[in-house]
Amino acid sequence: MEEAFSSSLLPWKVDVLDWATTDEVFRDLIQKDHIIIQVPLENPK
Numbered sequence: 005m006e007e008a009f010s011s012s013l014l015p016w017k018v019d020v021l022d023w024a025t026t027d028e029v030f031r032d033l034i035q036k037d038h039i040i041i042q043v044p045l046e047n048p049k
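Be aware that the sequence shown starts at 5, since it is given in the working numbering, and climbs by one per residue.
Be aware that one or more of the hints could be misleading.
[What the hints assert, rightly or not] Okay, the calculated beta carbon distance ranges per label pair:
| id | residue 1 | residue 2 | range |
| --- | --- | --- | --- |
| 1 | V18 | L45 | 15 to 23 Å |
| 2 | L13 | E46 | 30 to 38 Å |
| 3 | V18 | P44 | 16 to 24 Å |
Since the hints were made in silico from the structure, they are not lab data. Each residue gets a CB set at the ideal place from its N, CA and C atoms; glycine is no exception.
Work out the full structure, taking the sequences as your base and the hints as a guide.
As structure tokens, then:
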């Protein structure tokens, strides 16, 4: 995924992080102002 974003033509930088391994303070900052752009599937396969 990281390589796909790096080689894409997106005009902005994208950081991909593992939520479970991020610092609690960082997660709190994200949760405060996050915007959901895609809801998860109910039964992913």
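Comparing the hints with the structure gives:
1. V18 <-> L45: 15 to 23 Å: Given about 22 Å between the Cβ atoms, the range holds.
2. L13 <-> E46: 30 to 38 Å: Roughly 33 Å apart at Cβ, these two residues keep to the hinted range, so it holds.
3. V18 <-> P44: 16 to 24 Å: 19 Å, holds
Hint compliance for this structure: no hint is broken.
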